[in-house]
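Chains as they are written, first to last, in my numbering: chain A, 10 to 310; chain B, 757 to 1262; chain C, 4 to 286.
Calculated from the structure, these hints are not laboratory results.
Note that beta-carbon positions come from the ideal geometry of N, C-alpha and C, so glycine has one too.
There could be a bad hint or two in this list.
Unchecked claim - Just a few of them, taken from the derived set where beta-carbon distance is under 7 Å, the chain C residues facing chain A:
| no. | residue |
| --- | --- |
| 1 | L40 |
| 2 | P44 |
| 3 | P47 |
| 4 | I216 |
| 5 | A219 |
| 6 | Y223 |
| 7 | V246 |
| 8 | T248 |
| 9 | A253 |
| 10 | G257 |
| 11 | L258 |
| 12 | L261 |
To be verified - According to the in silico footprint, chain C covers these stretches of chain B (three or more CB under 8 Å from chain C):
| no. | region |
| --- | --- |
| 13 | 939 to 952 |
| 14 | 1000 to 1014 |
| 15 | 1122 to 1131 |
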Amino acid sequence: MVLFALLRILPGDPANALLGVGADADQIAAARQQVGSDLPLWQQFVGFFTSLARFDLGTSFVSQAPVSEEILARLSVTVPLTLLAFALAIIVAVPLGIIAAVKSHKWYGGLISVFSQLGIAIPVFWVGILLVTAFAINLRLFPSGGFPRQGWGNPADALRDLTLPVLTVAIVMASSLVRYVRSATQDVLGSDYLRTARALGSSFIEALLRHGVRNGSVPIISILGIELASTFLGAVVVERVFTLPGLGSMLLLGISQRDYPNVQGVLFVSTLLVLFIGFFADLAQRLIDPRLRDRSRGAAS
Amino acid sequence: MQLFARSNRRQFGATAIAASIAALGMMSVSPAVLAAADTSAVIEIGSLYEPQNLDNTAGAGQGINEAFNGNVYEALFALTDGGDVSDALAKDYSVSDDGLTYTITLQDGVTFHSGDPLTAADVKASIERVTAESSKSSRKNNLATITNIETPDDSTVVITLSERSISLPYNLSYVWIVNDAATSITDSEDGTGPYKLDQWRRGSSLSLTLADNYWGEAPTNAGVVFNYFTDATALNNALLTNAVDIITSVQSPDALAQFTDNPDFTVTNGQSTTKELMAFNDRVAPFDKVEVRKAVARAIDDKKLLESIWGDYGTLIGSFVPPTDPWYVDLTAVDAYDPDSAKAMLAEAGYPDGFTFSLDTPDYDPHPIVAEFIKSELAKVGVTVNINIITANEWYTKIYQAHDFDATLQEHVNHRDIVFYGNPDFYWGYNNPKVVELIKQSESSATIDEQNQKLTEANKLIAEDAASDWLYLYPQIVVSASNVSGYPVNGLNSQFYAYDIEKSAE
Amino acid sequence: MTTIELDRPARRSAASLTFIVGLILVGLHVAIALLTLVWTPYDPSSTAGGRLEAPSLLHWAGTDRLGRDLFTQIMIGSRIALQVGIGAVGIGAAIGVTIGVLAAFATRLLDDALAAAFDILIAFPTLLLAMLVVAASDTASLWSAILALGIALSAIVGRLTRILAKRVLQMDFITAARTSGTSWPRIVVIHILPNIWPTLMVNFALQFGLAAIAEASLSYLGLGAPPPNASWGRLLQEAQGTVYTAPFGAIAPGLALLVLVIGINLFADGLRDVGDPTRRRSR
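Chain A extracted, bound-state conformation:
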């Protein structure tokens, strides 16, 4: 409902996107009728909800194509981009974060902390532009943007095109994850169970791996859920930098063309996905930490 209200107060008429210079009054009226922007507001509103209830996202005002199809096609860019970046960020951030906590007195521990400070202060698009300048323009190793027309028909090309975008997102994501991993590790290091485990004869590394990872990962997972969701939604900027045909660029285009069905569709699907991610993060936390399971059971009874 909020979506609907917000979108209808946008100035401009979606019918305009269909017209060119030279259109006369009749053509304008015809276009308005076609996209339904001549109907009273409440009629548009009822129509919007009845179709949403059937999971029918409608057809684009501009391209006349079913919104759901287009969203699916664009998800095939945005989802791999997000997941690959996410995986890469975890692979990089977890060891770095642990090292930064364990070896905080060493120079490289400090360096990692500085990196994590830099990372959260850098806007993601600037990282993108810098990577493009270095790797696409000077070294010409990777393309600076675009996505193969066959999509994943040719996986090697698709991956090559996604390399820089994934790297961009991963750098920013990793640097903020490092902070969380580091502080979680610090908590674990200061904890009683770790001391107990060591006293019982485990080596430091063993103790950290056996007990620390399990305990430390609980808060991290909820952060990961939030990070994944916001990266997914924040793909708008990265897709703009690298001109990827993903969900974000569909949203931007939809806004500028006043193509309400497209904008609504994108927001609806991304909200659903974000809720799913939150749900799975919750689930994962409970699987790892039995205490949370008990607590929720207790709350339910």
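Let chain A serve as the given structure and place chains B and C on it in line with the hints.
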């Protein structure tokens, strides 16, 4: 998103354009191609103009003309890259002495991609698609003089007009001939061209493969793919990394250096008809005063602006007419850069202390930076500009429809669009009865010379009136890999004939 | 006034160092922003320079396509970034604190509804919310960008305020105040706000950095302050278009933004360690 002003630019005078292009120092398209052309090659074309849908009467934007005109759909007549109008699906035609009846004979043995043969009924239906009430074709009005279409037999079409229309063949060159059995062509096609639609991946590409049983000469390649980009930088990089073979129009000079110095690429500087202009709302004060408009035109250094945006490329113009139009005359001396006289004229017009106006600026390049330049230039003569950034969509509602503006920036790509100055209801509201009359008469001229002479006179009048401030003419730059040749080089309209493109084996 | 000690003692020496470095970096930007009000190296709209000149003694950061001095533009960018940061955080704080406190006092049903609303809004990145608000406003201006970011930030502030206020509400002295008949607006003013204020301040500082980045992103996407406002995001967008011939344009505005946000983050870290002992609880 240039689809508004850029859509459906068609129409052109049959003149010696080819000669004028040569005289203007066009670069040759391709050096001698040593290696043999590879007819099995698929040509990858990079473009910024993805169509909105696949129907040119349903507001598809200029991209559909680029991809489909002459490639997938053919018309009765075709506008060549040189600017001539040649016969296409019309084998022959004759005009009655009063100029009101056109009898057109169709080519033999033409079939649609669906297999149906081309008949006169298809032609009639196709013309009516464009003139229909629901049609969003911007050139619909140009066909308004058609009163009747008859089909005496399957290969003859007789068109009757209410008054003379010397541009009818040109106007018909943008009417796609579509199989009348096809119901909707917004996401499929049924044309007669050398290519048929293979696949359209929205937001990404549109691929064409060879049509079966094409009636004419077969293309010199095995198909083309239009790859769409929303960003000029990414487009240029696609060419650098061999992801595409050719770019239909380069939008910034900064990217060109990497191609001009590189033997792997061919840069072609052709002729464009795209004009950057500041359109005044000639209905409202202070721009209802000719002196004010002239003063503003004189206060802006167009040469410095063109250099800022385009470096060494592009052309200065003194009116709305580019050098490739037959009614072009050099009017750059009219209201040339002269800030002192601008100040004097403002004082004369009753604005000795200048005035303030709001400049509605579309949000895409180059308009915002042009607006900033104008703001700083006009500040020097005491005029304050408030830049108001709007989307292309808002531009359409606020300016094109509601005429609610002081002045605006826009690029106009259409051919022969000086006719817009003959329409007092057009968004800029220029109304000079003499110009209106001249433009009206020119269409009912009996000869091309008469038409040229009338429009030349109208051209001079709008320049003298400073109906708008015409800032510069865009260049038309095509860049290709050096093993690719045979492509159209001029931006005379948005079409991009692909059938002669050759790619030699490397 | 009663202050609650919730957490372990801070490491004061390191904290004061980050605090000072942060203060210097932010102070630098504030000084530059104030300076632009009275003086810039060049008239910002002067197009006297050449097209895309590389950095030199005359033009420290080079020139743009129109020949304007980029260093001047970047200096003005400082002012815009600070304006947006202060404005957005101010609006976000006003809305967020009000709703957050209301939620803490509200009936169970309303509180749950507000809490759920905060959670949903927070799931959306600030930037995305701001984009929608900007798109919905009639004409793009610096103020619409500030307002959009402020609204987007208010959810974060609201959620934090609600949690903090609830925690305070469970304290014994509140119960005491309630039983003694103190009206709830009075409880808010004398007991709750002073107690949650230090944590909120740290959060505001962090959000200031968020707002600065989000504003740059909005401008980069063409949804921020319109020209001739020289927002860093717009300068970067402009520079991306000419990155072949003038790669220098893409460096300086980004660095300026980086320095500001790092400064603010260090400042916030320092503030947290010095003034507010609830380390690592608020994020």
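Each hint tested on the structure:
1. Because the closest C-beta pair between L40(C) and chain A is about 26 Å apart, greater than 7 Å, the hint is violated.
2. A cut of 7 Å between beta carbons decides the hint on P44(C): the least distance to chain A is about 24 Å, and the hint is violated.
3. Taken as an interface hint, P47(C) does not check out: its beta carbon lies about 22 Å from the nearest beta carbon of chain A, beyond 7 Å.
4. Annotation: interface hint on I216(C) holds; nearest CB of chain A at approximately 5 Å, less than 7 Å.
5. The criterion of a C-beta within 7 Å of any C-beta in chain A is met by A219(C), whose closest approach is roughly 5 Å, and the hint holds.
6. Checking Y223(C) against chain A by beta carbon gives a least distance of about 5 Å; that is within 7 Å, so the hint holds.
7. A least Cβ separation of about 6 Å between V246(C) and chain A falls short of the 7 Å threshold, and the interface hint therefore holds.
8. The closest approach between the C-beta of T248(C) and any C-beta of chain A is roughly 11 Å, which is over the 7 Å cut-off, so the hint fails.
9. The interface hint given for A253(C) is met, as the beta carbon of that residue sits about 5 Å from the closest beta carbon of chain A, less than 7 Å.
10. The beta carbon of G257(C) comes within 4 Å of a beta carbon in chain A, closer than 7 Å, and the hint placing it at the interface holds.
11. Here the hint on L258(C) is broken, as its CB sits about 9 Å from the closest CB of chain A, past 7 Å.
12. With 7 Å as the threshold, the beta carbon of L261(C) comes within range of chain A, its nearest partner Cβ sitting at about 5 Å, so the hint holds.
13. With 0 residues bearing a CB less than 8 Å from a CB of chain C, the region 939 to 952 of chain B misses the requirement of three and the coverage assertion fails.
14. Look at the region 1000 to 1014 of chain B against chain C: 5 of its residues bring a Cβ nearer than 8 Å to a Cβ of that chain, three or more, so the hint holds.
15. For a cut-off of 8 Å, the count of residues in the region 1122 to 1131 of chain B with a CB near a CB of chain C stands at 6, and the three-residue condition holds.
When each numbered hint is compared with the structure, violations occur for hints 1, 2, 3, 8, 11, 13.
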